[in-house]
Structures are given as structure tokens and as C-alpha cells.
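Protein chains: 2
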Amino acid sequence: MTAVTSLLEKYNIDPKQIGRLEVGSETVLDKSKSIKTFLMQIFEESGNTDIEGVDSTNACYGGTAALFNCVNWVESSSWDGRYGLVVCTDSAVYAEGPARPTGGAAAIAMLVGPDAPIVFESKLRASHMAHAYDFYKPNLASEYPVVDGKLSQTCYLMALDSCYKNLSHKYEKMEGKKFSIAEAAYFVFHSPYNKLVQKSFARLVFNDALSDASSIDEAGKEKLSPFSSLTGDESYQNRDLEKASQLVAKPFYDEKVGPTTLIPKQVGNMYTASLYAAFASLIHNKTTALDGKRVILFSYGSGLSATMFSLRLREGQHPFSLSKIASVMNVSEKLKSRHEFPPEKFVETMHLMEQRYGANNFVTSKDCSLLAPGTYYLLEVDSKYRRFYAKKALANGSLANGH
Amino acid sequence: MTAVTSLLEKYNIDPKQIGRLEVGSETVLDKSKSIKTFLMQIFEESGNTDIEGVDSTNACYGGTAALFNCVNWVESSSWDGRYGLVVCTDSAVYAEGPARPTGGAAAIAMLVGPDAPIVFESKLRASHMAHAYDFYKPNLASEYPVVDGKLSQTCYLMALDSCYKNLSHKYEKMEGKKFSIAEAAYFVFHSPYNKLVQKSFARLVFNDALSDASSIDEAGKEKLSPFSSLTGDESYQNRDLEKASQLVAKPFYDEKVGPTTLIPKQVGNMYTASLYAAFASLIHNKTTALDGKRVILFSYGSGLSATMFSLRLREGQHPFSLSKIASVMNVSEKLKSRHEFPPEKFVETMHLMEQRYGANNFVTSKDCSLLAPGTYYLLEVDSKYRRFYAKKALANGSLANGH
Chain U
0 MTAVTSLLEK
10 YNIDPKQIGR
20 LEVGSETVLD
30 KSKSIKTFLM
40 QIFEESGNTD
50 IEGVDSTNAC
60 YGGTAALFNC
70 VNWVESSSWD
80 GRYGLVVCTD
90 SAVYAEGPAR
100 PTGGAAAIAM
110 LVGPDAPIVF
120 ESKLRASHMA
130 HAYDFYKPNL
140 ASEYPVVDGK
150 LSQTCYLMAL
160 DSCYKNLSHK
170 YEKMEGKKFS
180 IAEAAYFVFH
190 SPYNKLVQKS
200 FARLVFNDAL
210 SDASSIDEAG
220 KEKLSPFSSL
230 TGDESYQNRD
240 LEKASQLVAK
250 PFYDEKVGPT
260 TLIPKQVGNM
270 YTASLYAAFA
280 SLIHNKTTAL
290 DGKRVILFSY
300 GSGLSATMFS
310 LRLREGQHPF
320 SLSKIASVMN
330 VSEKLKSRHE
340 FPPEKFVETM
350 HLMEQRYGAN
360 NFVTSKDCSL
370 LAPGTYYLLE
380 VDSKYRRFYA
390 KKALANGSLA
400 NGH
Chain L
0 MTAVTSLLEK
10 YNIDPKQIGR
20 LEVGSETVLD
30 KSKSIKTFLM
40 QIFEESGNTD
50 IEGVDSTNAC
60 YGGTAALFNC
70 VNWVESSSWD
80 GRYGLVVCTD
90 SAVYAEGPAR
100 PTGGAAAIAM
110 LVGPDAPIVF
120 ESKLRASHMA
130 HAYDFYKPNL
140 ASEYPVVDGK
150 LSQTCYLMAL
160 DSCYKNLSHK
170 YEKMEGKKFS
180 IAEAAYFVFH
190 SPYNKLVQKS
200 FARLVFNDAL
210 SDASSIDEAG
220 KEKLSPFSSL
230 TGDESYQNRD
240 LEKASQLVAK
250 PFYDEKVGPT
260 TLIPKQVGNM
270 YTASLYAAFA
280 SLIHNKTTAL
290 DGKRVILFSY
300 GSGLSATMFS
310 LRLREGQHPF
320 SLSKIASVMN
330 VSEKLKSRHE
340 FPPEKFVETM
350 HLMEQRYGAN
360 NFVTSKDCSL
370 LAPGTYYLLE
380 VDSKYRRFYA
390 KKALANGSLA
400 NGH
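So the sequences go chain by chain: U and L. For the first sequence, counting from 1, position 239 maps to 238 in numbering that gives the first Met the number 0; every step adds exactly one. For the second sequence, counting from 1, position 368 maps to 367 in numbering that gives the first Met the number 0; every step adds exactly one.
There could be a bad hint or two in this list.
Which copy is meant is left open, so a pair is good if it fits within one copy or across any two.
[Said to hold, decoys possible] No more than 27 Å apart at the CA atoms, straight line, and that leaves these computed lysine-lysine pairs for DSS-like:
#1 Lys15 / Lys122
#2 Lys176 / Lys15
#3 Lys177 / Lys15
#4 Lys164 / Lys15
#5 Lys15 / Lys169
#6 Lys15 / Lys172
#7 Lys383 / Lys149
Calculated directly from the structure, the hints in this document are not laboratory data.
Please model the complete structure; the sequences and the hints are all you need to start from.
Quick look at the structure:
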């Protein structure tokens, strides 16, 4: 609710101008009632209930599915001229153990409409979807997932390979020339942790070397040629290949990936929002320099579903220019205004969350002193499991109640 | 899996021809991994993993969201020429009490592509989405929902009113004349139980009478005029209005709704599949007589989201003609081949389901004697909650294994 109201306010958009609202999330508040219906509270106030779209779910991929759905809607005959709005939101945690620091929470709202500065190259898109048990949440009573960390990483890299090969194939068919990392200015990855992003980009470089693409010079190809005979499975586990390809990839990584890593590195995993936080980092870092540039994004959700897709950026016109977007996002200030807590406090909070997960009949501390003005926060879950929120007053003193 | 493989076989479609697969469901097997990824097993076998789409969730509405997404995809620039496939599937139960008989289970698969015999009139569509606690599943550890039966019915009728008024308004703007029940040959409703369908259609007739539409004769309008001064809320509770409007609606109901009620009446509630089972009843009952006809559908999911939309039917060409669809569905035979069980047996099965809901480490009885050939069934959920299925041999002896 905070992300949606903030977006509407900052771009001065009447809630009546929204014709589609869709949520991507892997966080289950309710197994039947969608998160989208909670967000409808914002729009009901202005009398707008004619808003299509519900929740899209598959691990961290739901936001990408929601985004594609919204873009397709704008291009379809059922589009009614209004904006689409996509929300990626999660609060995801791990049981105690080495994976715990890769939990995280975030919400990102994106507006979709015609004549945007960020344009989909819809034909340049490839998916890889399969049945896998790498990360899943089958224990319905627990907030924690079941994770096979090693399998999850292999699944991610396999899906990446598959998407990259398929996208390259489609590009070659359309453009009559080979695709390689040289064809895009930037590469943005789903970023649960930065090491995986480094590995992922190195994997694309390895793919380019194998296909003898001109993006990699002879010295680089030579360094990677010893690994050309590895089977797929072997290559995902091979540490020497990992090191060699990251070394060859290094200068390209600094140029084409580095500018996308700011927020994921600072904030950690954000699940459905992760890829778009990385993309936001790029807009923050490069802004007007992105005019005319192609950006390739790779979205991954365990289970598994993955898509690699292409965007073409242009400066665009106020209020939807890249400069305006960068200034509205205000990334530097937001990063600076975070609060630091000791791990003990986090563990304590997690114990409280464990008790309250799926529970009813409790009130929260209602302490909103650390929240930014305009933030919605949970007040109470009543005996019928109904959730009540309040909104922290804005600096100018106005207050809304989410009851 | 049964519905998808059956559709592909009966229409002789190569799994490689599917470019989008999307599931609508309110049944949570896993909070992160989508049902769609389970279905990918069918397509991985044929080497097709480039299939977009995940799961859409909001109570019984998820299937409609998935269907709209698929149709929009075919109309968008990201369509790659292949078919879309939509699956509506649920297994939903109630705790002991009066609502228990309204539980149910079903799976319906629908193919989406160009030049179809069932065509969307995309501009003739109106949604009503809002934040409500009429039926929801906040207790994550339990398979049973929290239900406010009376509120749920009021929400349904309010959403119906809102959609009908908005759709009528859009129609009038486009066509320059009033919309009324006379403008469509058939009306199909989300059908948890038949009494609600009768009430719903009577509500449309009441709306027509209030707006002085020519669809209702003077005698009918006179019968309903005493209720014209009721507020919305009063009118949802008024038993006399209910009786009077159903009486006025009766001849129209028999003609425009009766042919849609066969399967929902025989099978009971089917959740996301309910609306489409009602629509299948219509195709079964009227088949070629539907050529050129407009059909209005009303989809409702608690929480809440609802859309009223319009389809235009035509006989179409083999293999996607209405006659072929009716013969493939083979509704009469399927209804005849059901098995009857005493309520005690059902209660016993429910106890077993309660124990196994969200559980791991169990094997099923593997008794598939009552299943139709080609049906997938659960064998085992292992210690890591991984689910293993088998497929009952087809009559010709071929067997597939879902491991």
C-alpha cells in the first residue's frame, strides 16, 4: 500500500486512471484472498473498482509474470486507455542457519502505459520453465522454505544458459547476425546475492566463447577453451571454469553489470522485487546515459520459471522521463535513511514473527517511530484473521487510516 | 496433468505448439512453487521449456484472470504464434457444518489461439474488485476457509450489480443504445450452488426493470416497482424482492440460463472451474445453435474480484468447431460414469485429508481402480515434501510415469 500510494502521489496520478493492478509475490498472507484485493482499499476510496488483474505466483518470478501481463494488456484489444500498475512485494525469511542472511523484504511499484521511456523488445524474449524442487514452501504452517542450495544454484545457471541460447537463436533469426554480450549495454540479473550475479554474467561470457562470438577476444577464448569439452552438469560444478570465466568477464562485468548491483548489494535479497531493484540501480547510476541503450534482464523463480528479456531505453518526456524516474526514486537518500540493528534484535523479531505467522487475535506494538512518513503498518489481526493497517502521518500532518 | 494431456491428445496437439501455459487456482499445494511448474513435466518430455505464464490467484476468479492473460498475450506483440493453454483447477473443502456440501473439485483445460470459434468481445467487459472478508483462507495450516456466508452472497450480488451497470454503460457508449438481457442469448454465472445463479439472473432482470429497459414488459415492471425505492443494501436482503424478481425472470431464466446449469447442478461447486463448467454445459446443450450468438459470463472470486465479459460464438472450423468441442467434452458419458459414495465414506476421506494436508512422508493407497484411464494420481509425498504421481494406463496399455 505504501509503494502504490507513493507512486500515485509522486507522479500525480488520479487513482481513477489505473485500469489494471497486478501483484507478483511469493509471500502468502492468505491462500485464497489476493494481495491485490488489499490494495483495492486505495482505489475504492476514489470510487474506482473497475481494475483488472490479480496476483501472479511462482517464487521470485511472480513480478515478471505480472509485468508481462500488464504490458500485454496495454497492447491488447481489451486495453481501455488507462495505466497498468505492477507491484512486486515480499517479506521472506529463512530458518536459523547459513541461509538466514539471504532473507529479505521489499515492495516495488511500476507504472505501465504507452509511450514509456522503458520499452519492451517483445520478440527478444526466451523462457525456461521446468519442474524442480530447488526452493519451495510445502510446509504451509511455517514461514520457512525447504531449500536445496546447491540444486538451486545449478537450476539458476541451467535456466540462464537455456534462456540465453534461445534468446540468441531468436535474435539471429530476426537480425541475421549472432547475439553476444556486445549487443546489449547492460545485463541485469535476479540478485539473491551478488556472487551469483558474478557467476551468471561469467556464464554468458563462457557461452559467447563457446559459440566463438566476436565479443570475446582470442586471449579470452584461449583461457576458456580447456573447458569446452565439459558436459553441462560438469561445467556448473567446475571451480576452475568459474574462476577463469569470471577473470575473462571482469572488464565486461565492471562496465555492463556493475552499475546494476548497488541496491541488491546494499539491501540484500528482495525476492520478486530483486530484479527490479537491480534495474532501478542502473537507472539511478546511469540515468540519461541510458538513452537509446538496450538492457537485457534475467528473471528467475525457483520451482522453476525463468525469462530473459530485452528492454530499449530512451530519455522520454516529463513526467515519465528517465531523469524524473531517477529523481523520484531518490535512491541515495533512501539508502542513507536506513536504520542499523544488531543481529540479536533481528533474531528476537524473528521469534515474534514465528509466533504470529498465520495467527489471529493479536495487536502489534504500533510503534512507527522508525518508519518513513506515509508508510502503512499493521495494527491488528482480529479473531477472524482480518488485518487492519494504519498510515503514518505525512510531514504535513495529513493522516489516512487503512481500516 | 490429466486435463492437459487429455486436451493435447484429443485435439492432436504437439506439446511444442504450446507457447503459454497458465493456471488459475485457489488450492495451495506449495506457497512458492506454482502448479504450472508441476504441469511442465508434460512439456519437458518433448523438449519444450519455453512456455510463459505462471499461476493466477484470487479465490474462484484465478481461472478468469489466467484466461484474460492468455488472450491478451495472443493479441500482444510478444505472441510467438503458438497456442496458449489455461488450466482452472481446485480441490476445495469445508469444515463440518452446513457449508460442507458446497466443497468440490475439478480441472478444466482451455486452448487459446487465433481464429477460434469462441471469440472475446474485449471492449464489452467490466470488473468490480474490492477489499472484503467474505470467504478467505488465512489459517495457513488448515485446508478449511473462514466464511461469512451471508456477507459472501451480498458481496456476490453487489459485484454483479456493479459489473452489469458498468458493462451496460460501456455498451451504451459504444453502440448508442441501452444494454439489457435482450442483447445476449445466454448468461453464464460462477455457480457455487444453483440457487445463487437463480438469484443472480433475477437481479439482472431487476436492474433492467429499474432502468426501464424494453426487455421487461409492463406487467413485470409493475411487479418490481414496489422495490424501486429500496437502498442497495436493503434490496440484497429483501425476500419479497427476491421472490418477485425470480417470478418475473422465470421465462427468461429458462431460455437464457437453464442450458448453462447442467454440470454445476450435477457436480456441485468447482471453484475456479465453476464458470467454465457452466459454459461447457451450454456448448453441450446448444452446440451448433450457438453460431452467431452473444454469451455474457460473470466470474466471481471472494476477497473480492469479479468481471462480467462478453463472448461471441461461431461454429468455426475443424478441429476447433463447436461440434467438435462438444463431442470431445463428451459431457453425458462423463456424467454417467461417476461413482456414488455414501456420506460416511466422504467424512472418512476428509479425516484422512486433514491428516495429510501440508504433510510429508506418506504413501497413498495407490488404488486407481475407480479412476478413468489416463488419469494421474498421487503415489507418494516423500520426506522432503516432493510429490510423485503415476498415470493410470490407457485402454491400449500405454503407461506414463509422473516421477
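Report task. Any hints from earlier that this structure breaks? Give me their numbers in increasing order, please. Result -> Violated hints: none; all satisfied.
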